[in-house]
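Q: Listed here are the chains, written in short residue letters.
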Amino acid sequence: MKRAIYILLSNPLSILGLVLVGLVFFCAAFADFIAPYPEHAGAVINFAFANKPPSAEYLLGTDVVGRDLLSRIIYAYQVALGMGLVVLLIAPPIGVALGLIAGYIGGWTDFVLMRITDIFLSIPPLVLALAIMGVMEPTLINAMLAVTAMWWPWYARLVYNITRGEKVEGYVLAAEVIGASKAHIMFREILPNCFPAIVTKMTLDFGYVILIASSLSFLGLGVQAPTPDLGSMVSEGTRYLPDSWWMTVFPGLAIMIAVFGFNLVGDVLRDVLEPD
Amino acid sequence: MRPDLTLDIKNLRLSFRSWSGSTEVLHGIDLSVAPGERVALVGESGSGKSVTSRIVLGTMQDVRHARVSGQVTFEGTDLAKLASVERRALRGREISMIFQDPSSALNPVFRIGDLFHEVLKRRHPKISKGEARQRAAAILQDVSIADAERVLSSYSFQLSGGMNQRVMIAMALINEPRLLLADEPGTALDVTVQAQTLSLMRDLVEQKRTSVLFISHNLGVVREFADRIYVIYRGNIVEHGPTAAIFDAPQHPYTQALLSAIPRLTGGGVPDIEERSLSFNDPMISHGTDI
Chain A
1 MKRAIYILLS
11 NPLSILGLVL
21 VGLVFFCAAF
31 ADFIAPYPEH
41 AGAVINFAFA
51 NKPPSAEYLL
61 GTDVVGRDLL
71 SRIIYAYQVA
81 LGMGLVVLLI
91 APPIGVALGL
101 IAGYIGGWTD
111 FVLMRITDIF
121 LSIPPLVLAL
131 AIMGVMEPTL
141 INAMLAVTAM
151 WWPWYARLVY
161 NITRGEKVEG
171 YVLAAEVIGA
181 SKAHIMFREI
191 LPNCFPAIVT
201 KMTLDFGYVI
211 LIASSLSFLG
221 LGVQAPTPDL
231 GSMVSEGTRY
241 LPDSWWMTVF
251 PGLAIMIAVF
261 GFNLVGDVLR
271 DVLEPD
Chain B
1 MRPDLTLDIK
11 NLRLSFRSWS
21 GSTEVLHGID
31 LSVAPGERVA
41 LVGESGSGKS
51 VTSRIVLGTM
61 QDVRHARVSG
71 QVTFEGTDLA
81 KLASVERRAL
91 RGREISMIFQ
101 DPSSALNPVF
111 RIGDLFHEVL
121 KRRHPKISKG
131 EARQRAAAIL
141 QDVSIADAER
151 VLSSYSFQLS
161 GGMNQRVMIA
171 MALINEPRLL
181 LADEPGTALD
191 VTVQAQTLSL
201 MRDLVEQKRT
211 SVLFISHNLG
221 VVREFADRIY
231 VIYRGNIVEH
241 GPTAAIFDAP
251 QHPYTQALLS
261 AIPRLTGGGV
271 PDIEERSLSF
281 NDPMISHGTD
291 I
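Protein chains in written order, with the numbering used here: chain A, 1 to 276; chain B, 1 to 291.
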């Protein structure tokens, strides 16, 4: 723990990362209290104040129907974080289990599981998500499922490679020799040795999931109006560029802050979890 | 079949199948270990020592492409007649093993105390953490570890190689197995530490009357440890007999070469020995000590 704090304090970028991530979580958790116009997260129409540039009243300006952009960005973080959490709660366990089984059992199991993984990996992620979204209704839940479907193969690959390396370690042979079951060896002996890599990747991925989710909704395939979403806000705003620049720039910056923050935190975690 | 023997191997053959045919690795090995006896299996790398121990453990039989024939009897039970689940039940309880590199054989993410707990659960599935810790501390005293509590709370990478080796020995013996397989124990350690831990191991197995099959390429180490020696060369036993007989009057050309291969401090450098000699394939020599 002391070592973790030391690594943290010795790198100013890591503090910046934690501050940014903290800010994002804070916004999402207390949106109802800190958003200046909480009702603007919904279907509010206020043409009298439409297209207003940033001012004291509307800090980040308003959108085409007169809703406060700051409030909508704060609420959009709830959607973005929810997306990240759900995807990262479903995808890694699937990928990790498949990677462990394929890596440890080997043979035909390995061949079948990893070729399926390879097929998923060979399709460009966004294209795969687009295809899935194209078939299904564009709702938040379906967007989460689509992103999950394109995300698990990366964990399968990661854990597969670690498992192949750990499999030949003495402690695995030692466990086999004292008669431990295959499941015990995979999940109790090898898996704990994969945790540092998995946790680091999950943190780094949080930012990317938010980015991909924003891309999907930018293309109109994610969260539907009036729910605020960073991607669809950017998309709407592009129609009014360059005059109403704030409609695009601020949601874009909001995405950047989240992705950048999670990347920095991921880097710190890697330093903390991986010795030397 | 001799039920009074701890381990009895008869005409053991092992071959690996590949698409270009099969390669025989063991050409019919006979070997036995009596209760409480310490037997060494000595040979060069690739001679078939380690696969023999893996067959006894029953892990070789699960390898695809491997064909095992012959009879391996453990306390009167033919291992081939056991289901793979039953073979697994023997491992870690009646048969245990010590490895070459003690540091890699201990999982780095668990504390030594937790590893002991897992091992003890093999024999006593319901043993509590506290009880496991007490028993582990007791056996660590037996391998001359004074501050057992500190060792139990440490991870393997926080301990020295010699310390890990003692932990391994303690762990292998805590379930009071009938047979201990020691596959080149401590080869990864420096010579003085190796000698220390081996003498600890000898005392402990003597006290618990555990049979040991000691696998090594180092005749010097074996001389200190074993009651009887089997010399293995390219999958054949070429000579066997009591330790004293082998050292005093080695008969087989390969055994003689192996003995002269030990570098001497008194000079002469590394001895000049043929790597392969037809005479190494001479028939087996027994010192007439079949038990």
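Everything labelled a hint here was simulated from the structure, so no lab data went into it. Check each hint, because a few of them may be wrong.
Mimicking SDA-like on lysine to any residue, the simulated pairs with C-alpha atoms at most 25 angstroms apart in a straight line are [as the list claims (entries may be wrong)]:
| id | chain 1 | residue 1 | chain 2 | residue 2 |
| --- | --- | --- | --- | --- |
| 1 | B | Lys10 | B | Met284 |
| 2 | A | Lys182 | B | Pro108 |
| 3 | A | Lys167 | B | Arg64 |
| 4 | A | Lys167 | B | Lys10 |
This structure is a prediction, so every number in the text was calculated from the model and none was measured.
Q: With reference to the structure, classify each hint as holding or not holding.
A: Verification of the hints:
1. For a cut-off of 25 angstroms, the pair hint linking lysine 10/B to methionine 284/B stands: about 15 angstroms separates their Cα positions.
2. Straight-line distance between C-alpha atoms of lysine 182/A and proline 108/B comes to about 19 angstroms, which keeps the hinted pair within the 25 angstroms bound.
3. Between lysine 167/A and arginine 64/B, the direct Cα distance comes to roughly 17 angstroms. Compliance with the 25 angstroms bound is thereby established for this hinted pair.
4. A distance of roughly 32 angstroms separates the Cα atoms of lysine 167/A and lysine 10/B; the hinted pair therefore is violated under the 25 angstroms criterion.
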